[in-house]
Amino acid sequence: MSAKARARRSNFLIDVCLFFICLALLLPLIMLIANGFKTPAEMLVWPPTILPRNPTLENFVTVFTETPLLRWMFNSLAFATLSMIAIVATSALAGYVVAKFPFRSINVIFILFLTTAIIPFEVYMIPLYFQVKALGALNSITGLLIGYLVMSFGIFLIRQNVIASIPDELLEAARIDGAGEFWIFRHIVVPLLRGPLAALAVLAFFQAWTAFAWPIITLTRKTSFTIEVGLANFQSAYTVELSLLSAASAAVMVPSVLAFVLLRRNFVEGIAASGMKE
Amino acid sequence: MTQVEINDLRKSFGPVETLHGVSFEIPEGAFAALVGPSGCGKSTILRLIAGLEEVTSGDIRIGDRVVNDVESKNRDIAMVFQNYALYPHMTVAQNMGFSLRLLKKPKKDIETAVHEAATILGIDGLLDRFPKQLSGGQRQRVAMGRAIVRQPQVFLFDEPLSNLDAKLRVQMRAELKAMHQRLRTTTIYVTHDQIEAMTMADIVVVMRDGHVEQVGRPLELYDRPVNRFVAGFIGSPAMNFVPVTSTAGADAVVLADGQSLDLPQFRALSGAFDLGLRPEHLRHTAEPAGLNVTIESSEQTGSETLIQADLAGQSITALLRERFDCHPGERHRLTVDPVFAQLFDAETGARIDA
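First to last, the protein sequences are chains A and B.
Numbering (UniProt numbering) for the first sequence: 1 to 278.
Numbering (UniProt numbering) for the second sequence: 1 to 354.
Chain A with its partners taken away, still in its complex shape (with noise of 0.2 Å):
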């Protein structure tokens, strides 16, 4: 067999492999998706169908009339907005000064940034609930951003980014051409960071969208809910309600794969470029 050949099956093998492992990926998306047109009674077939046999839309009907389903899609995305906004703010302000300004007390306090990361929440989501609580600010979005403001994991990647792309030099020029410090951080560091920045949003908007622990704890009246726990509330102690869960899950999808799709070359971009340097 020639080399040409032989590359050429290999290519097809490696295509067969992803296209199975790409199969595994999308099936329940697809069933979920298709469960949502599906009656009550198709959703315990078995072997169940992929493709509803009489499509029906009264389950989005339902969700959309008896749930604030819109509401609460609303409310997750006030959400995830602020505390992405939040996220990239303090990150990058964070981040910059830890990677530029290398005083002791800053590597100390750098220190301590991280070694939150290493405390799961759920050790202090309890006393956090009660500090919340005593602010009033329980059902609320300020309720739900205090423990979204910051991630240590941003200020670290925004570190990391400043120290492999900013040069000293750059700062001081610019220090020498007469900007102050926070000109500087505004109209250079900034602008540096772009690509950073826009994968640091992705990932905290997606980390507040996703958010279930905190939410369902500090949310119990029913407009208030954010989507996932809105979800939740599908599953009650004695009952499943599938297919309106389905159709809930499928409409929910919808804004975040589209979010995704737009931002995914930052996305990528982003995360590549952080262990990169031009």
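Quick caveat, the hints were computed from the structure, so don't treat them as lab data.
Given the structure is predicted, the values throughout are model-derived calculations rather than measurements.
Check each hint, because a few of them may be wrong.
To be verified - Distance ranges between label pairs, derived from CB positions:
#1 Asn7(B) with Val108(A): 36 to 46 Å
#2 Gln171(B) with Cys17(A): 48 to 58 Å
#3 Arg104(A) with Asp76(B): 25 to 35 Å
#4 Pro15(B) with Ala134(A): 46 to 56 Å
#5 Ile216(A) with Lys107(B): 48 to 58 Å
#6 Val254(A) with Gly136(B): 44 to 54 Å
#7 Pro167(A) with Ala289(B): 52 to 62 Å
#8 Lys132(B) with Phe182(A): 21 to 31 Å
#9 Pro167(A) with Gly125(B): 25 to 35 Å
#10 Pro102(A) with Ala354(B): 51 to 61 Å
#11 Asn163(B) with Thr142(A): 44 to 54 Å
#12 Pro167(A) with Asn7(B): 28 to 38 Å
#13 Asn163(B) with Pro102(A): 21 to 31 Å
We put the beta carbon where it would ideally sit given N, CA and C, even for glycine.
Got chain A; can you put chain B on it based on the hints?
Positioned in the frame of chain A, the structure of chain B alone reads:
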């Protein structure tokens, strides 16, 4: 009038002192080069003048004020960095106009200033490009343009040509010099390359280990170095040093292998010395005079011949302005005009005045 004055300047990083009381003055409009091997503290001095590091003790005076506690931006200086430090996300024009924009100058004035500087440097066709679209030499010009636009009292250059290839370096050297002659702005130029210092500067400050060894005009350093270090550092190829002994009253110094060299100007001296001979002052001779050497290698460049030879157990270099065909192992005779020979104290390294 003195433009920059450094007075007993000291700098410590933690417990380590890197500058041990440095003093020198640079007159207005002069081109001064700080030169020395790496780690001698020359870049530190520049950073202290720029205000990028804090002075431990001593004074830095620019114009008529002490600037020790003045912020960089208020020192009226401009600095060109070795890696150019251009803002990657700004165009050439934006890079060059950056400092004026910070001074809130009107847009029209900024444009005029940028265009003028760009014309001087021959980069007016590149104003809309980004730094990554430029070659090394072009980036260097933009960095210089950024400094010119500010019209500062003092230019600071930190090894600006080290990232360029040899040919471009020679070209940029001439351009820098021409720019200085045109603008007449006081310039302090840090380099480890003594050729750059010799060819460009009006004043050269030679440094070693955080001390100033000598301050002077380039040819002064070449002709009358204060000590062995300066003598060996200035000039290329470097000066040869051969140990000799001198006896008071004798016209000649004696080498380790017993050969002698007539140096009547040193007849009053007695003791051990290092004889300093510049490679370009050595001549080949067919007469039975001068010093016997054994050829180790020779390189012909067409216009001149560079010889490595053994003299009294020392390997020395001779640069002959002629074609000279010789082979390793051959014995030849080299002479030197006594006025060019220098003696250095064997212990302190200080040059002995004839």
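Structure-based check of each hint:
no.	hint	verdict
1	Asn7(B) with Val108(A): 36 to 46 Å	38 Å, holds
2	Gln171(B) with Cys17(A): 48 to 58 Å	57 Å, holds
3	Arg104(A) with Asp76(B): 25 to 35 Å	33 Å, holds
4	Pro15(B) with Ala134(A): 46 to 56 Å	50 Å, holds
5	Ile216(A) with Lys107(B): 48 to 58 Å	56 Å, holds
6	Val254(A) with Gly136(B): 44 to 54 Å	51 Å, holds
7	Pro167(A) with Ala289(B): 52 to 62 Å	59 Å, holds
8	Lys132(B) with Phe182(A): 21 to 31 Å	26 Å, holds
9	Pro167(A) with Gly125(B): 25 to 35 Å	27 Å, holds
10	Pro102(A) with Ala354(B): 51 to 61 Å	54 Å, holds
11	Asn163(B) with Thr142(A): 44 to 54 Å	53 Å, holds
12	Pro167(A) with Asn7(B): 28 to 38 Å	32 Å, holds
13	Asn163(B) with Pro102(A): 21 to 31 Å	26 Å, holds
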